[in-house]
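Engineer: This is what each chain is made of:
Number of protein chains: 2
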Amino acid sequence: MKIPPVKGTRDFYPAEMAVRNWIIDGWKKVSVRNGFEEYDGPIFEYLKMFQIKSGDEIVEQLFSLQDRGGRDLALRPEITPTLARMVNQRINSLPKPIKWFSVPRLFRAERPQKGRLREFFQWNIDIIGVDNVLADAEVIFTTVDYLREVGLTPNDIVVKISSRKMLSTVLQEIGVPQESLDTLYAVLDKKNKLSTEAFEKMLNDQLPSSDMANKVREFMELENIQQVMNKFGHWEAFDEYFELMDYLDNMGVGPYYMFDPGVVRGLAYYTGIVFEVHAIGGELRAICGGGRYDNLLRDFGGPPISATGMGMGDRVLEILLEEKGLLGEQVPKKQLDYFVTCIGDFSKEVWQIVEKLRSMGYSTNFSYKMGGPSKQLKDASAQKAKKCIIIGDEELEQNKITVKDMASGEQELVDYDEFWSRLKA
Amino acid sequence: MKIPPVKGTRDFYPAEMAVRNWIIDGWKKVSVRNGFEEYDGPIFEYLKMFQIKSGDEIVEQLFSLQDRGGRDLALRPEITPTLARMVNQRINSLPKPIKWFSVPRLFRAERPQKGRLREFFQWNIDIIGVDNVLADAEVIFTTVDYLREVGLTPNDIVVKISSRKMLSTVLQEIGVPQESLDTLYAVLDKKNKLSTEAFEKMLNDQLPSSDMANKVREFMELENIQQVMNKFGHWEAFDEYFELMDYLDNMGVGPYYMFDPGVVRGLAYYTGIVFEVHAIGGELRAICGGGRYDNLLRDFGGPPISATGMGMGDRVLEILLEEKGLLGEQVPKKQLDYFVTCIGDFSKEVWQIVEKLRSMGYSTNFSYKMGGPSKQLKDASAQKAKKCIIIGDEELEQNKITVKDMASGEQELVDYDEFWSRLKA
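Here the protein sequences come in this chain order: W and G. Position 62 of the first sequence, counted from 1, bears residue number 62 in our numbering, the numbering being contiguous throughout. To get our numbering, take the position in the second sequence, counting from 1, and add 1000.
If you are wondering where the hints come from, they were derived from the structure by calculation, not from laboratory data. Among the clues, some could well be false.
Claimed, not checked - Coverage of chain W stretches by chain G, computed from C-beta distances (three or more under 8 Å per stretch; other residues unrestricted):
(1) 7 to 13
(2) 38 to 50
(3) 217 to 229
To be verified - Lysine to aspartate or glutamate pairs mimicking DMTMM-like chemistry, simulated, CA-CA at most 25 Å apart:
(4) W:Lys53 to W:Glu37
(5) G:Lys1356 to W:Glu38
(6) W:Lys48 to G:Glu1221
(7) G:Lys1029 to W:Asp25
To be verified - Have a look at the derived ranges for each label pair, beta carbon to beta carbon:
(8) G:Glu1329 to W:Gln352: 24 to 34 Å
(9) W:Arg298 to G:Ala1198: 47 to 57 Å
(10) W:Arg90 to G:Pro1154: 37 to 47 Å
(11) G:Asp1239 to W:Arg68: 43 to 53 Å
In this text, all values refer to a predicted model and were calculated from it rather than measured experimentally. From the three backbone atoms N, C-alpha and C, an ideal C-beta is built for every residue, glycine too.
Turn these sequences into a full structure, and let the hints steer you where they fit.
Structural biologist: Laid out in structure tokens, this is it:
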């Protein structure tokens, strides 16, 4: 009986697994050196937990299931609610600031499309307990630290940054009532995903006058903070953006970032700096996004503690790296360190060599069927062995082994003990 | 709003995450050096896929869900069906033998109990395409290779081995009809989980005569292969066990294994050597189990290709290692390599040091609030920093930095350039 995989999921054969491991290992390495500690939560949580942050709309994007008591559960579409739950559970005993990262496997019941699957991995970094913009700067630095580590330059990607404080000040200056802000954010966030006409229509539907809609649209076209000030004046709420620029310039991130009022992040829960990283000139979705969310822990029943973070999926990143030719050269190729061949039956001598090599950390295989030497060398070659060890009668008699370099084809007859002492050196 | 985690799941705070990573990294390391390649599949598959191998009983142990088209899916309770599907999909292009490992996250909708959770990790190794018992021996070797790597000795654990070929021969010699074997295996597998009376009753219910039941019970009490031969004669079907003993003895596994006819593995799908690893003298469930399953790929719509493998969950293993005191000393403790303190505001000088240390791979933090030096040293201490870098006015003037060893408390004033050249050395 042949059954296919579920659409929107991936099979990771060894070659695809090598790419996945290389991406995730890079995320982990960069997180650790930037002082973040790893955590994880369960794959499923109570369904209602995901509604707190993202409202009821999230429910139709969820894979939902039930426990044996009939309680509604859901596969996690993001890890931030779990993070909030876990931090709140131990809020008094955890030393602050909390700098945590995670690489959760996440699930969305959407129609699969380019860069968007039903099952994916996401790198998350969060700093909790620091209201200083320095923490936002460090989140952006860590994000860029990873992206440039894998070879992406300011010619490939750009960090687009805005400020929710600035945005709400400007919108109120334009005349948008405070209570309309949250729904307006969701509209503004769609600017780069809709045609100009569709966006204008949505904006006009949302706002009381077309004059107001025009002003909002003009703001959204501004290209730097100077233009914003020229048009709307200099407000105290702009300071967090100035501070951020200072920090990022000091951190060497200057060439990677720009101001972009079109970066809004749809969710109501952001409260300060927001950012997204985009590929330059491509048609891909954002590579990652994040920002400050100072009210979330309180919304999950905890104290009011500020927080800022970032999430990066594996799929868009992988497509971009592939397009830029950055995967092939960096992902480790399948290689076996040693293949041990042997004339005659499987013997204690063969096994002693296999086991000794393995115990020294070398990946080592041998042939299960002791066929002729040429058959075994073919096996070694199929398994991409770097070196082959050949033990025939001659070698056994002389207490030697033949070591064959599979790339060059060169063979060397080496004294048994010398072989091991060379390896140890 | 405070919402608890779902029962039977685990939150991995950094301390628990360190244990999980240490266990999984060990599994991966041992797999790779033994010549296995990593793969993985999706977290969910079509529900019916899990019924092929394990029948309808499995359904009530599954977390089931639906895709948007209303098709029945389930969270994977094991990865072997996915392995069979993936191998069959590429059966012609994959070089044989296939030596693959995986560390899937698995799910069972059971009542949580000691060593048994609803969500867990499982190490799986499989060799596909080798009918030689040498492959079974290598699976057992690799299992033991890991267990002794983490410090478990023959005083702690025992590999209990039996042979399905031997078992079916003996049962037929006793008079059990061939068609009753599969259901009888499930009963025999319960021997060590039931009271003597309950087991006897089940056996009597299952078999046509109490004489037959007595003979089966007697067989199940035998302690070595010699006793089996004395009682039932020497059959060709016993050969695979003799061969296995030879291989295991050659591989140095001798002190770890014994024959145990009580090891049956309930599932009908095993066809040859079967084994389980148990803690000696404990009340824990088996640490792991495995064996040969030569018909599975065919049952999943592929060609008849032989296979043998092993699965080890993380939870029972972790409890055992904890009981034996083997976790504390081996799991890496939280440690930060450097904490950079600074007098005055966050400065370019501080950041340059932070970034340089990070780029060299050292995990490095700094204080977000530039409080007094004692406050910052307290932060460094809370973050378990090994070393602290102190830059005050004096240091800046002299182009030096103070390096404080947090364990010994010793401080040293070092020339700035010398500090970096020392680190590089």
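Engineer: Each hint needs a verdict: does it hold in this structure or not?
Structural biologist: Verification of the supplied hints:
no., hint, verdict
1, 7 to 13, "holds (count 6)"
2, 38 to 50, "holds (count 11)"
3, 217 to 229, "violated (count 0)"
4, W:Lys53 to W:Glu37, "holds (24 Å)"
5, G:Lys1356 to W:Glu38, "holds (22 Å)"
6, W:Lys48 to G:Glu1221, "violated (53 Å)"
7, G:Lys1029 to W:Asp25, "holds (14 Å)"
8, G:Glu1329 to W:Gln352: 24 to 34 Å, "holds (30 Å)"
9, W:Arg298 to G:Ala1198: 47 to 57 Å, "holds (54 Å)"
10, W:Arg90 to G:Pro1154: 37 to 47 Å, "holds (40 Å)"
11, G:Asp1239 to W:Arg68: 43 to 53 Å, "holds (46 Å)"
Checked against the numbered hints listed earlier, the structure breaks hints 3 and 6; every other hint is satisfied.
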